[in-house]
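K.L.:
Here's the letter readout for the chains.
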Amino acid sequence: MGKRLVGGLLLGSWLAFGVPAASAAVGWPVESKRLASAKDFIADEQWMRAIEVLQVLLRDTKETGKDEALFWLAHSQKHAGDAGEALATIRRLEREYPSSVWVKPAGALRLEIAVRLGRSDLLWLTATPPPPPPPPPAAAPAVAPAPPKARPYVRKPAPPAAPPPPPPPDEPAILWVAPAAPASDWFPPKYEPDSDLRLQALRHLMRTDPDKAIPVLKEIAYEPGDPAVAGRAVFVLAQSGRPDAREMVVQVAQFGPALARVAAVREIGRFGGPNVSQILMNVYPKADTAVKTQVVKSLGERSERTALMTIVQSEGDRDLRTRAILTLGQAGGNQELRLLYPKFGAEFKRPIIQGLFNARAVDELILLADRERDQAIRQELYDQLRLLGTPKAKAYLQKVSVKK
Amino acid sequence: MKTCFVQAAGTIELYFYGELGEQARRETERHLHTCDECRQALDELRIIRAALSTRPDVSAPAGGDWSGFMARLDGAIRQEPQPRATVAAPRVAPVASRPYVADIAMAALLALVTMSVGYIARSRIAAGDVGRATIAGSSVTAPAPWTDDEAFAALSEQHFERAKLVVLGLANKQAGEHMPSEWQYERELSSTLLADTRLYRLAAEDRGMKPLAKIMGDLELVLLQASLSENPQPDTLAQIQNLIRKRDLVTRMNVMAAR
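Protein chains in written order, with numbering that gives the first Met the number 0: chain A, 0 to 403; chain B, 0 to 258.
It should be emphasised that the hints constitute simulated quantities derived from the structure, not laboratory data.
Just so you know, not all the hints are guaranteed correct.
Derived lysine-lysine pairs resembling BS3-like cross-links, with alpha carbons at most 30 Å apart [as the list claims (entries may be wrong)]:
| hint | chain 1 | residue 1 | chain 2 | residue 2 |
| --- | --- | --- | --- | --- |
| 1 | A | K391 | A | K402 |
| 2 | B | K163 | A | K32 |
| 3 | B | K209 | A | K103 |
| 4 | B | K213 | B | K163 |
| 5 | A | K217 | A | K285 |
| 6 | A | K296 | A | K217 |
| 7 | B | K163 | A | K296 |
| 8 | A | K103 | B | K245 |
| 9 | A | K285 | A | K296 |
| 10 | B | K213 | A | K32 |
| 11 | A | K103 | A | K32 |
| 12 | B | K213 | B | K245 |
| 13 | B | K209 | A | K211 |
| 14 | A | K32 | B | K245 |
| 15 | A | K103 | B | K213 |
| 16 | A | K103 | A | K61 |
| 17 | B | K163 | A | K103 |
Using the sequences plus the hints, can you model the full thing?
P.N.:
Now the structure itself:
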């Protein structure tokens, strides 16, 4: 214990004193002591003290890292319930440090404030931002200018602002804000939200204006590019719990671009309700390997043994069939695997044995070991029984070794 | 959720630490050829080992005498009410009425139990006796069709499993002792996880899952700082580690996943 105490003290001293000294020695930019102190208060959720320290930091002309300090100030002000000040701080960050990496997370913070104030108009501005103004025409163009490139999305008319929802009970009420402030007070002149911010806005708009939000989400899911973004768009659709949104997820699973289809199948697998297996089986026949693999995985997570057995019996692709067999075992399909065993040759008997092992199906493994004539496969059955190591398996192996 | 019996029983860990007998090692190797889940578990152990490789060893009690620790552990277990795992409760129970202190105690107990189980398993299981190791594992779970909330809780659990690798890596990293490419990889991973974490946090808030939303929020802050730190400055790293420690993030993610 003494050794540990000393070790802890040494580590603490190193963290407290050694790190800044070491970093100064090697020339790393040392983080401001005030910023470190403010973050310490933030880690303790002492918002007012963090705000005080950060405001002193921002007034000091010698301090660096003010863009980060502005983000943490806005973060602390939001948590302290001062949405108006938080918005002002975010706008200052965007104005003074437009290319800072902290601008994007500050934008996410702003959207959360807009949600709490029920400013759907601002959320729509983020979800479907207006296209940038066309460049000014050249004085005397030699050739006709090319038509403008099609935008991936078009701004739709913003619906009227909905009344603000009541704040969650565990958060402080907003102390001051200008609810009617125009969008120009909220956003920089060139407001270009990325996909993540658009999705964050759409997530809320799915609750207030789903008929308009669903097509935009579908558009994002179908956009080429980052598959993770498509996956998040499908997630937002699926999480809404609305039948029409879920229908859209099914459509994406059937007809969407390849990577969005995988994400959609994954979300369908998480739907509640009794007919999910049927939906997944409808997607399966026309799917590519990646989508089929996800269907098998989703069926396994739901322990849909009948559907998995159907795939094992009908799938022609060796790898997919093997995967379905193993998944059936993980889903506890002892009886199903035992029934399938005699129908296949050695190629698929091995995965079935593995599947039965995953299902801890000692009885079935013993039964198959008794009946199996191929010595190599029988040995594999023995190996799996040994690995399971239950009393029954041990007794059986003992009996077999005595017979030998 | 571990679905493979071999992994659930801890055999992959024993294999990783070279604590299996010759025959068991061969059987496990054969199993690894066919089981994606176990291969993934093995890969994760290797990542963790790489992350921890620069950390000093924590010394065991003098003379290897764990009796004091075990006595305290037994005492803690005796004071604990009946195990929660046997109660058919919702996956994410409302905890608004639960005192904060109880959560901390639960987290500490879980950490103690995890440590002790790991220690006992590794010290008591004789090399080659895979049977005993595997029989100690939990049974294969066969989830019934779930509700939306249960599905969301399961999704969060999977997310925590992924995020834990990053958080553990950050918590154990020493400034200046890693390659820039390594840090770049962690930043990218943090950035990807950050976008998902924010969506999950907002979804948890919508569903009224406050404890889950709170952990997601804390995770979001850690990932945000990691993803925006261009080079691993010691101060920045120390701040991230401070946040992880003060918010008790790893333990709370474990507790949430265990519900």
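K.L.:
Next step is simple, just say for each hint if it's right about the structure.
P.N.:
Results for each hint:
Under the criterion of a C-alpha separation no larger than 30 Å, the hint pairing A:K391 with A:K402 is consistent with the structure, at around 17 Å. With a C-alpha separation of about 29 Å, the suggested pair B:K163 and A:K32 falls inside the 30 Å cut-off, and the hint holds. Proposed proximity of B:K209 and A:K103 is supported: the alpha carbons are some 25 Å apart, at most 30 Å. With a CA separation close to 16 Å, the supplied pair B:K213 and B:K163 stays within the 30 Å bound.
For the suggested pair A:K217 and A:K285, the alpha carbons sit about 21 Å apart, so the restraint of at most 30 Å is met. For the hint pairing A:K296 with A:K217, the CA-to-CA distance comes to about 24 Å; that is within 30 Å, so the pair holds. The straight-line distance between the Cα atoms of B:K163 and A:K296 is roughly 23 Å, inside the 30 Å bound, and the hint therefore holds. The suggested pairing of A:K103 with B:K245 holds, with an alpha-carbon distance near 26 Å, which does not exceed 30 Å.
This hinted pair checks out: A:K285 and A:K296 have alpha carbons roughly 17 Å apart, not beyond 30 Å. Distance restraint check for B:K213 and A:K32: the Cα-Cα separation of roughly 27 Å lies within the 30 Å cut-off, and the hinted pair is therefore satisfied. Pair hint A:K103 plus A:K32 holds up; C-alpha atoms about 25 Å apart against a cutoff of 30 Å. Our distance criterion of 30 Å between C-alpha atoms is met by B:K213 and B:K245, whose separation comes to about 14 Å.
Straight-line distance between C-alpha atoms of B:K209 and A:K211 comes to about 29 Å, which keeps the hinted pair within the 30 Å bound. Of the pairs offered as hints, the one joining A:K32 and B:K245 holds, with about 18 Å between alpha carbons and a cut-off of 30 Å not exceeded. Between A:K103 and B:K213 the alpha-carbon distance is near 21 Å, which keeps this suggested pair within the 30 Å criterion. For the hint linking A:K103 to A:K61, the alpha-carbon distance of about 25 Å falls within 30 Å, and the restraint holds.
Proximity of B:K163 to A:K103 is assessed by CA-CA distance (about 24 Å); at most 30 Å being required, the pair is judged to hold.
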